[in-house]
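Peer 1: Each protein sequence line maps, in turn, to chains A and B.
At position 131 of the first sequence (counting the first as 1) the number is 131 in the working numbering, and the numbers step up by one without a gap.
Here the working numbering = 1-based position in the second sequence + 263.
Hints are computed from structural coordinates only; laboratory data are not their basis.
Remember, it's a predicted structure, so these values are computed and weren't measured experimentally.
Hints are supplied without guarantee of correctness; some may be wrong.
[Claimed, not checked] Straight line, CA to CA, 20 Å or less: simulated SDA-like cross-link-like pairs of lysine to any residue: (1) A:K45 / B:N335; (2) A:K95 / A:I105; (3) B:K383 / A:G130; (4) A:K95 / B:M425; (5) A:K171 / B:Y341; (6) A:K171 / B:M425; (7) A:K45 / B:F397; (8) A:K171 / B:N335; (9) A:K95 / B:F303; (10) B:K383 / A:K95; (11) A:K45 / B:E292; (12) A:K95 / A:S157; (13) A:K45 / B:H293; (14) B:K383 / A:R136; (15) B:K383 / A:G128; (16) A:K45 / B:F312; (17) B:K383 / A:S157; (18) B:K383 / A:K171; (19) A:K171 / B:E346; (20) B:K383 / A:K45; (21) A:K95 / B:Y341; (22) A:K45 / B:F303; (23) A:K95 / A:R136; (24) A:K45 / B:N295; (25) B:K383 / A:I105; (26) A:K45 / B:A297; (27) A:K171 / B:A297; (28) A:K171 / B:L343; (29) B:K383 / A:L121; (30) A:K95 / B:T345; (31) A:K95 / B:D270.
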Amino acid sequence: MQRGKGMKFVGDSRIKQGPTVSRIPKDYSEYPGRTEAFWPNFLLKEWLAGAVFLIGFLILTLAHPSPLEGLADPTDAAYIPLPDWYFLFLYELLKYEFASGTYIILGMLGIPGLAFGALLLAPFLDNGPGRRPHQRPIAVGMMLLGLVSVIWLTYSSSAAVDWEGRAEANKPVPPSEEADVVIDTEHPGYAAYETSCLACHGAELEGTAAPALYGPDFDYTAEEIADISVNGTGAMPPDQFTGTDEELEQLTEFILSVNESIE
Amino acid sequence: MLQKIYDWIDERIDLQPIWRDIADHEVPEHVNPAHHFSAFVYCFGGLTFFVVVIQILSGMFLTMYYVPDIENAWRSVYYLQTEVAHAQIVRGMHHWGASVTVVMLLLHTLRVFFQGAYKKPRELNWMVGVLLFFVILGLGFTGYLLPWDNKAFFATQVGLEMAQQVPFIGDQLKILLAGDASIVGAQTLTRFFAIHVFFLPAALFALLAVHFIMIRRQGISGPL
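The shape of chain B in the complex, shown without the other chains:
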C-alpha cells in the first residue's frame, strides 16, 4: 500500500532525486564513532540541531498557553508551571534547552575551529555558522524577558540601556526593541515576543537551510 502511494507520487513528481539529495551519501570513516571513538566530537553539530528542534517543538506548545501581555504573561507562565499537566516538563525543556543549545553550539564551534575545518573552501559555511551563533544568542536574550518575572524585567532593562549607548543609532535601536524611549513595558514585551517567535526563528531557519545545503554540497572536512 505504502509502496503504491510512493510509486503514484514518484511517477508524477520524481521523488528519488529529492530523497537521494538528502539521505543518500556515505559517511566517511574518520567521522564515524563506531570506528574511532574520538570522532564523537563530530556529533556536536547534530546534537545542536537536535536541541534546536526540541526548542521549536516545546516553544510551539508553550505558545498554546503563554499570553504576551504584561498583565497576564507572568500569570500564564505561573499557571503553566503549577496547573497544566506536564507543562512544567515542557517549559523545563524549553528553559534548559536554551542553555544546552548554547553549550552544544560552543562545543561545535570549538571543534570546527580547532580542526581548522573552516579553511578553504568552507569559509562561507563558517560565517553562516557564526551568524547562527548570534541568532541563537538573540533568541536567548529575547526569550529571557517573556516570563515577565523580576529577573527578566531587570536584565532586559540593563540590556536596553546598553543598546541605547551604541553610538549614533543607540536611541533608535532602543525604541525599535523596546517600543518606547524610556518605558520597558507592554510594548517591549510584545516586541520581544514577536522577535523571539517570528523574526529570529525565520532568520534561524533560513541560515540553517544554507548551513545544511552547503555541508551537503561540500561534504564534511577530511581528517587532520
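Bound conformation, chain A alone:
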C-alpha cells in the first residue's frame, strides 16, 4: 500500500476502491507510522479530556441551579408559553406570516420537514465523490443557509424575552405556603373582615397589597391581632377596623380559625 505523497484515499482511510473491498478493519501490524493503539494509550487521553469536560460541566451545574417555576396552573391564562431554547427557532418561525394562519402546515411541517428531510437524505442529495467543502458548494451553501436561519430565529426569539423578569414572576411557591385556604363566609367575623381587611389582605387572606394573614410569618395571638387591627403595625395605618368590640372579637376569631384550618 502506497503511503506518504501520492497516497490514495477513497473517502476513507480503510476501505479501498475496487470490488475486493473488505469491511473488516485490519490488524495492528498493518498500521505502521503515527497511529496509536486505542487501548490503552488513546483511551487514557480520551479519559483525561473527558475529565476536563466533566469539571467544566459540573462548574456550570453548580453556578446555575436548574430552574423550577411554580406548580402548573392550567387556569393561568396570562402565562406566555415558551419552549426550551433548542425549539425556539421552530417557535419563532411560526410567527412569520407565510408560516402561520392558513399557512400553518407550511410553517409547522413544510419548512422544517423539508430541512430535516434534506438533512436525513443528505448523502443521496449530495452524492458526488468530492468530500471537501469547495467541491460541493450547493450542499455546503444550503447547510450554511439553514444554520444562519436557525441561529437568527433563535436569537430574534430569545432577544424579545425578558428572561430575568420571567424567572422573577414565576418563582416557585413552597408547598407549605400555598396551602388550601378554606374561607367560611358564614363565620360571624367574615363580615367585619370583608369591610375592614379584604381590600388589602385579599379575599382568601392570601395578601395582595398587604402581607398574607397565614403562613410561617404570621404568628400572632388573638390580642395582638385585635391590637394591630385597631392600632396598625409597620406599614399598616391605624384605625383600619372601626367596629364594636364584639365585632373585633369575631374578626380575630375568624382570622385564627382560618389559620387553624391550614395547620
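Use these hints to put chain B onto chain A, whose structure you have.
Peer 2: Then chain B, alone, in the frame of chain A:
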C-alpha cells in the same frame, strides 16, 4: 487472582474476540489531537456520548424521587431541589446536560457534514445519526413537561396543539401523546414520563448500538 478469574471465563466463552472487537484498533493520525490539534473536532461525537451517559445516570437517580403524577410531580421536584442532599446537583446535571447534549450533537453533526464524512460508504450511519438527533430532540420535548411547572405545562400545551394540526392523523397523534382529545393532565404526564423514560431511551440504545457497530466496521473517515 483477577487473571485467574479472567482465564477461567476465557477458557469457557472465549473472551478475547469480544474485547478485541471493542477495544483493539488503531487510532489514525489525522483524528488524534496529540498530532494535529485541529483534530479536536473529532471529539464531539465521543463527548455527545459522554453527556448521554451522564443523562442516563442522573436520570436513573432522579427517578428515585420523582413521582409522575400531577399532584406530586412538582412537589417531588421541589423537594428534590430543596431538601435532598446533592439532588440539586443531580437535577442540574440532568437539566443542563440536555442542553449540552444538543450543543455537542449539533457540533458533531456539523463536523461530519462539512467534512463530507457521510459519503459512500457511510450513508447509513449518517441516517442513523440523524434519527438519533430526532430521538434526542424528542427526549428534550418530553422531559420538559415532567417537572410539571408552568413553563412545562404551557409549552407542552402548545406542542400538543401543533401535533393536532398535522393533516389526517393530527387528532389521533394528539390523543396518543396526551391521552385525551382536549385535556392536558394526569394522562399526559404519565404518557410523557413513559415516553421519556422507556420508549425513547429504548430507541436511543438501539440506534446508538447500530451507530457504533457501523463505525467499528467501517472505520473513521479519512483525512480531507
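Peer 1: Please go over all the hints and tell whether each is borne out by the structure.
Peer 2: These are the hints, each one checked on the structure:
Pair hint A:K45 plus B:N335 does not hold up; C-alpha atoms about 44 Å apart against a cutoff of 20 Å. For the given pair, A:K95 sits about 13 Å from A:I105 by alpha-carbon distance, which is consistent with the 20 Å threshold. Using a Cα cut-off of 20 Å, the hinted pair B:K383 and A:G130 holds, with the two alpha carbons roughly 11 Å apart. For the given pair, A:K95 sits about 13 Å from B:M425 by alpha-carbon distance, which is consistent with the 20 Å threshold.
Note on A:K171 and B:Y341: the hinted pairing holds, with a Cα-Cα distance of about 11 Å set against a maximum of 20 Å. The hinted pair formed by A:K171 and B:M425 fails the criterion: a straight-line CA distance of about 28 Å is larger than 20 Å. This hinted pair does not check out: A:K45 and B:F397 have alpha carbons roughly 30 Å apart, beyond 20 Å. Distance hint between A:K171 and B:N335 is fulfilled; the C-alpha atoms sit about 18 Å from each other, no more than 20 Å.
With a CA separation close to 38 Å, the supplied pair A:K95 and B:F303 exceeds the 20 Å bound. Simply put, B:K383 and A:K95 have alpha-carbon atoms about 39 Å apart, too far for the 20 Å limit, and the pair is violated. For the given pair, A:K45 sits about 14 Å from B:E292 by alpha-carbon distance, which is consistent with the 20 Å threshold. The hinted pair formed by A:K95 and A:S157 meets the criterion: a straight-line CA distance of about 10 Å does not exceed 20 Å.
Among the hinted pairs, A:K45 with B:H293 is consistent with the structure: their alpha-carbon atoms are about 15 Å apart, no more than 20 Å. Restraint check: the Cα-Cα separation between B:K383 and A:R136 comes to about 15 Å, which is no more than 20 Å; the hinted pair holds. Between B:K383 and A:G128 the alpha-carbon distance is near 9 Å, which keeps this suggested pair within the 20 Å criterion. This hinted pair checks out: A:K45 and B:F312 have alpha carbons roughly 16 Å apart, not beyond 20 Å.
In summary, the hint linking B:K383 to A:S157 is not supported, as the alpha carbons are separated by about 38 Å, beyond the 20 Å threshold. Straight-line distance between C-alpha atoms of B:K383 and A:K171 comes to about 52 Å, which puts the hinted pair past the 20 Å bound. Only pairs whose Cα atoms come within 20 Å are accepted, and A:K171 paired with B:E346 is accepted, the gap being roughly 17 Å. Distance hint between B:K383 and A:K45 is unfulfilled; the C-alpha atoms sit about 30 Å from each other, more than 20 Å.
With a C-alpha separation of about 34 Å, the suggested pairing of A:K95 with B:Y341 is violated against the 20 Å cut-off. Straight-line distance between C-alpha atoms of A:K45 and B:F303 comes to about 12 Å, which keeps the hinted pair within the 20 Å bound. As the CA atoms of A:K95 and A:R136 are separated by approximately 33 Å, the hinted pair breaks the 20 Å bound. Restraint check for A:K45 and B:N295: the C-alpha separation of about 10 Å stays at or below 20 Å, so the hint holds.
Distance hint between B:K383 and A:I105 is unfulfilled; the C-alpha atoms sit about 34 Å from each other, more than 20 Å. Of the pairs offered as hints, the one joining A:K45 and B:A297 holds, with about 9 Å between alpha carbons and a cut-off of 20 Å not exceeded. Proximity of A:K171 to B:A297 is assessed by CA-CA distance (about 47 Å); at most 20 Å being required, the pair is judged violated. Straight-line distance between C-alpha atoms of A:K171 and B:L343 comes to about 16 Å, which keeps the hinted pair within the 20 Å bound.
Taking the CA atoms of B:K383 and A:L121, the gap is about 13 Å. The hint holds against a cut of 20 Å. A threshold of 20 Å between alpha carbons decides the hint, and for A:K95 with B:T345 the separation of about 38 Å lies outside it, so the pair is violated. Restraint check for A:K95 and B:D270: not satisfied, since their Cα atoms lie roughly 65 Å apart, outside the 20 Å limit.
Consistency note: the structure conflicts with the earlier hints numbered 1, 6, 7, 9, 10, 17, 18, 20, 21, 23, 25, 27, 30, 31.
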